[in-house]
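Given chain L, work out where chain U should sit, using these hints.
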Amino acid sequence: MASYKPTNIPVYPKLGEKVTEETLYWKNYKTPIQIKEFGAVSNIHFSPVTPYNFAVTAFTRIHLYGLLSQEPVKTFTRFKDTAYCGRFRSDGQLLVAGCEDSVVRLFDVSGKVALRMFKGHTKAVHVTDFTSDRYQILTGSDDYTCCLWDIPNSAQLNTYQEHTDYIRCGVTSQLNRDLFVTGSYDHSLKVFDARVDKSVMTINHGHPVESLLLYPSEGLLVSAGGRYVRVWDLLKGGQPLVSLKNHHKTVTCLALSSNGQRLLSGSLDRHVKVYNTTSYKVVHNFDYPAAILSLALAPEDESIVVGMTNSILSIKHRKPSEEAKETAGHQRRRPSYRVYAHRKSYVPKQDDYLVSKPVRQHLAKYDKQLKKFNVSKALDTALETWIRGRKPEITVAVIRELDRRGTLKNALAGRDEQELSRLLSFLIANLVDARFAPVLITAAEMILDIYQSIIGQSPVVDKQLLHLQSLLERELDYQKDLLEVLGMLDTMFASSLPKIELPCSGISTSNGLPQGQSTASRPQILAA
Amino acid sequence: MVEHGDVRVVHKGGSKINFREPALSTDSRFLLCASGESVKVFSTATEECLHALQGHTDLITGVLLRPSNHLQAYSCSLDGTVRLWDFTDGILIRTYSIGYPIYGIYASAKHEGVIFIITPMHTDTNSELFQLVAVHLPQCGEQLVEAKELSAVLSNISSNPAASAFGREGQYIVSAKPLQLEVYFFKKHKSYSFFLKKDNQKGGKNTFTCITCHPTEDCIASGHEDGKIRLWRNFNHRKEYTYSTLHWHHSAVSSLRFTPEGTNLLSGGVESVLVQWRYNQESQRDFLPRLGGAITHISVSPDGALFCTSHSDNKITIIQSCVKVSAVIQGLVKGDRIRTDLMIEPRSKALVLNGKPGHLQFYSLQRDKLLYNLDIVQQEYIHESGLEQFEVVMAAFDASGSWLATVEERKQKAPELELNLKLWAFDDQKQSFVLNTTISAPHEGRITALCFPHVSDGQTTMLVSTSRDGHFKAWQLAAPAHTEDEGPSWSCDFLGAYHSLVPECCCFSADSSLLAVGFQEVVTVWTPASWELLTTLSQPPGAVRDLCFGRLSCSKYLLGATTSRLLCCWNLLTCSLEWVTSMDVSLLLADPLSENMAAFCFEAGSTDLFVFKPGEPRPLFSHKALCSGRVTHAVFVPREVMLESCDEASQWLNCSHLYFLTQSMDLLTFITKAEEDKLTASSKQLVVSDDVAMTPFHLLLGKHRDQLENPQAESRLSVEPIRQPSSSAGINELLQMPAHVLPSASFLCSMFVQSLLISVNKPSEQNKEKEEEMESEKEEEDSDGEMESRISRPEHMPSGESGCAAPALTKEEVRELRRLKKLDHSWMKGLLD
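Just so you know, the sequences run in chain order L and U. Read in the UniProt record's numbering, the first sequence has 106 at position 106, and its numbers run on one by one without any break. Read in the UniProt record's numbering, the second sequence has 133 at position 133, and its numbers run on one by one without any break.
Honestly, the hints are just simulated from the structure, not real lab data. Fair warning: this is a prediction, and the values are worked out from it, not measured in the lab. No residue lacks a Cβ here, since even glycine has one placed at the ideal position from N, Cα and C. Warning: the hint list may mix true and false statements.
Straight-line alpha carbon distances no greater than 35 angstroms define the calculated DSBU-like cross-link-like pairs of lysine-lysine that follow [what the hints assert, rightly or not]:
hint, chain 1, residue 1, chain 2, residue 2
1, L, 371, U, 411
2, U, 205, U, 148
3, U, 413, L, 368
4, L, 372, U, 228
5, L, 36, L, 5
6, L, 5, U, 16
Computed beta-carbon distance windows for the label pairs [as the list claims (entries may be wrong)]:
hint, chain 1, residue 1, chain 2, residue 2, range
7, L, 462, U, 416, 23 to 31 angstroms
8, U, 747, L, 351, 26 to 34 angstroms
9, L, 356, U, 527, 55 to 63 angstroms
10, L, 358, U, 263, 21 to 29 angstroms
11, L, 23, U, 389, 39 to 47 angstroms
12, L, 490, U, 527, 18 to 26 angstroms
13, U, 143, L, 358, 47 to 55 angstroms
14, L, 490, U, 582, 38 to 46 angstroms
15, L, 386, U, 263, 43 to 51 angstroms
16, U, 328, L, 351, 30 to 38 angstroms
17, U, 328, L, 386, 27 to 35 angstroms
18, U, 389, L, 490, 32 to 40 angstroms
19, L, 351, U, 812, 51 to 59 angstroms
Just chain L, with the same shape it has in the complex (with noise of 0.2 angstroms):
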């Protein structure tokens, strides 16, 4: 005797993006905390030493945020204009920010007032930075001069007047305390030297220079301009190493992942792209609801922070890892895992009697409706809200396991209100899907047949089916629509093509789209 044969469930290609190790890894993080601070959000900047605080410099003020908190630590307003560039130094002692007033002012993290204010240049300052001896600061500025400050006497030690155009972005090494790097809407990279008087390499990146930054090797610079992120290789000369166009509008920051494996970069376009540093393949991709001004991770990439051009800030915080969840759920299981395996352990001995127990067939509720022949019942199963929603595939399979055995009809018949409505709402969510239209439209063929005498009595029913209708029109125009495309498609492909020499006319291989699993890469014409 032969056992019931369970309800085949056909298994479809998964559509979209493929699951890697790399999408888990970037998919693991919470929703977002979402701030919203005073104006865009210009610059966001880790501090370098625990508790990791990190600074976000929006409109005129810079707010210090905890890692965990979501309220502001501590606030510094003294500006009298917009402030920008917010940076800690790498003892995490002091903060420095430029400003559109054109001073730049330097505080201590605990106090309030400026402790010094660098007088000097002429229009806003968009950059600053802490050289790696912690003694000097380096600027930017409109007025297309880079500056070098001494801080415990706030002088002035050296202007460089290369660049033709404001200065926007600049990174100094964290090796050698005298290089930095600065990029400029003249197109152009220098690298200075403050031994030197001059800058000791330019590079043309080929549209305005939003962003830098130096790989913690500083073997590379990379740079962010225009729709492209290029990587530069400093020890040959500063030689091209690569150019991104992943972003389709200007990309505005940069940030490296902590272990220096992946390169981030977020753009106008609203998307922040993940990069392999080795491969430069785009690996994961995030999306945020407004254009993205700046970026910057935690270290460990314990959190990924987000400033947009609508001023709010996004803070999304990394899940607890697996292994904190499990010992802490081993905790509560162990009395009843251990009574399991004590039993699980008996092994027989050699002359004990063996009684086999026939394994009992584990099945679905619905085939369980199936193997008595309870085809409304069934139906009702595998339409559960659960099952309808998440896995129409099962919903459609018992479907068509029930038009297999001839009692569709049966089973979709002698339904009330709410029941039908259920149906239909199934029917309007799946119908157009070219994995389930074959099945579904004889479904809703055999519904209208049944119910066509009850059309009018119920409003509810009456607005899904006109639903139903409007949908079904919409599909035959799109499918209209992508048959013309293919017809233009093909007349392409037929003039491009070399004529070939044997008789043979018939053979276009780009017509022919390879047809893998899926059934439906031909558009199907839908009969309304």
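What follows is chain U alone, placed relative to chain L:
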């Protein structure tokens, strides 16, 4: 063209075992079933066929135990004879010649020396009217007896044996006509008839399908077309009869049986569910679902221990009375429509074709046994007539047998056609095929042909399918696109078309460098390496129906059969037509091991076979009028051992057998004279010759026999247990005896244990005297023990005898004597007596 007398067409295996109700022996150990022209005796415990009772010359239509002797059985046949058999030994006891074709047989313990048979009412065999005739069997010792005392009992009855039955203690006989129940009482010589209306109110059909009678009460159970069972009572009055109705089956009840005590009623039908009704408590039912094909017959053993059901898929299921399946005897399934080609599985050399619905069956031709069924569709089969089911329509193996491709389809209508292409990989661990890829809707139209290239060494990675949608597709085995744990799967590699013509057939050349696809009138030749169209060949008018590349030395030829009754041979080197001949080829086949090709031609209602080499003008072999109707399924089966026949006519059979299925679904093959002689010789001489395989049984028994046969070869010290001349004959006898008549194993066991002991003792004898002493003491104890069990045999004296026989004997000789006595073969003497 010459007819060759020394190559003969023979039936090969796979006979129908579900034609008539099987009979279970009284002790439930044997099952007798009519199978073509012989009665097969199966063991109910092991499912093995013990022997076939051969003698009838036409289809056997009934098997029945003789009521007066439970070791004998009657069988009746369309050849007009009833034969009486001793089925345990397979001996024909008597043949009663009746003279008319017999369609069914009944007997009752009450009617000694009389059997009841169903024969046509008129002598011409085409008559639709049948009668029940009582035959008095003459009592005489002759082998062939002519039974002349015939007397008609009932006339105008159904030819179906299930439609008539004996009543309680043989007092009356009941027969059902389409809408009438007729009861004939033997005592009163009177018959009553009860009629039913054609249709009842609900539209069900009241037609009778089968009938059975309660063994101890006056109750008749009848099955009906609409699935109802009626229990008739009080039918010895014309007016006051009553019936009650039971209804569970949703379509016709095909068989009904009461258990011997009358406590249960068994019924079965298309649903393939055996229903057991409690007699008088009909609301209580037991079910045994999913038995396989539709139940056609149910039979019950006389002791009630076993039931057995015959199924439409050529299967007999043996069921214990606790409603549990205990054994399944499965014959070659020969459905009405074999949709797939006949194929040979390259690994096991099993014949593969459609089996149970939605399955492929693997049938061993050597052992004439079904190996297993492979579930292709993997869906619950709904037993309901008129339902459109998924059918396996096409299957193909690759050359190494590691891949199997199957196509299943449902619904014939074009817009609703459901197609699945499945690819199965052979799993070495499971020794079976495992589903690798399912491609739903691989084409938009029906698939017309499917073929793998013939790469023998490497892994097959390509499959070509052609379809009515005007395309052919090449499917390729591809490594998974992403580094996940999934294995490689198949996906579409190329889609080809030619002037929107419909491709009908495709074929790979012997080295797989060329693919020929027949697009109606045009044959296109492609190279699979780059998918370029190399050339086109055509011979209008008439579409190409079948394509075949030559093999080996003839691999430059491409043969095509067209619908305009032409067989064309193209030379691929010159791209020109080599020769063409006019014949209506229904099937073209190439032998995979030689250059030979077989063409089955349909000519004037029957099929002719031509075997030829594409390069030679004269056919090697031809056979006119092979069978009636078209042959559409045939296969070359490679031989295990090559024949070395030099005879010109049978040379083509040297490498392969040729099997084919006729329109009536008979599996036939060709056999040479030499082979036939060998077969008959081997069947005559059942004695085990020296080239018996080294089975464990042979190791035990054969070694012993060797010792018996060449005692001189043994060392002086070795024991020569028995010098009786009858001993080797006794062992021969033992080997020829059917296993079920042998003495119990304890007899055999002691003998084998003894024979083993000797070889162990030998070294110890030579080496240590002390041990010998101890052993001999032990043996004395042993022999004492044996004596007790053999008290009834006076010729064996207690062990004291050896002591007084001769004091001069050495110790060794005494031991020899003892051992000699212990090897007791008296049971064999008993057998010989």
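Right, here's what the structure says about each hint:
Restraint check for residue 371 of chain L and residue 411 of chain U: satisfied, since their Cα atoms lie roughly 23 angstroms apart, inside the 35 angstroms limit. Proximity of residue 205 of chain U to residue 148 of chain U is assessed by CA-CA distance (about 41 angstroms); at most 35 angstroms being required, the pair is judged violated. Distance check on the hinted pair: residue 413 of chain U and residue 368 of chain L sit about 31 angstroms apart at the alpha-carbon level, within 35 angstroms; holds. Using a Cα cut-off of 35 angstroms, the hinted pair residue 372 of chain L and residue 228 of chain U holds, with the two alpha carbons roughly 20 angstroms apart.
In summary, the hint linking residue 36 of chain L to residue 5 of chain L is not supported, as the alpha carbons are separated by about 58 angstroms, beyond the 35 angstroms threshold. For the hint pairing residue 5 of chain L with residue 16 of chain U, the CA-to-CA distance comes to about 28 angstroms; that is within 35 angstroms, so the pair holds. Residue 462 of chain L and residue 416 of chain U have their C-beta atoms about 29 angstroms apart, which keeps the hinted 23 to 31 angstroms range intact. A C-beta distance of roughly 27 angstroms is found between residue 747 of chain U and residue 351 of chain L, which places it inside the suggested range of 26 to 34 angstroms.
About 57 angstroms separates the C-beta atoms of residue 356 of chain L and residue 527 of chain U, a value consistent with the hinted range of 55 to 63 angstroms. Take residue 358 of chain L and residue 263 of chain U: their Cβ atoms lie about 27 angstroms apart, and the range 21 to 29 angstroms holds. Between residue 23 of chain L and residue 389 of chain U the beta carbon distance is about 43 angstroms. The supplied range of 39 to 47 angstroms therefore holds. Evaluation of the 18 to 26 angstroms hint for residue 490 of chain L and residue 527 of chain U yields a pass: the beta carbon distance comes to about 25 angstroms.
Taking the beta carbon of each, residue 143 of chain U and residue 358 of chain L are about 52 angstroms apart, inside 47 to 55 angstroms as hinted. Against the hinted window of 38 to 46 angstroms, the Cβ-Cβ separation of residue 490 of chain L and residue 582 of chain U comes to about 43 angstroms, which satisfies the hint. At roughly 49 angstroms, the beta carbons of residue 386 of chain L and residue 263 of chain U sit within the given window of 43 to 51 angstroms. A hinted range of 30 to 38 angstroms for the beta carbons of residue 328 of chain U and residue 351 of chain L is consistent with their spacing of about 33 angstroms.
Range check, residue 328 of chain U to residue 386 of chain L: about 41 angstroms between beta-carbon atoms, so the 27 to 35 angstroms window is missed. Our hint of 32 to 40 angstroms for residue 389 of chain U and residue 490 of chain L holds, since their Cβ atoms are close to 39 angstroms apart. Taking the beta carbon of each, residue 351 of chain L and residue 812 of chain U are about 41 angstroms apart, not inside 51 to 59 angstroms as hinted.
Figure legend: structure checked against the earlier numbered hints; hints not met, in rising order: 2, 5, 17, 19.
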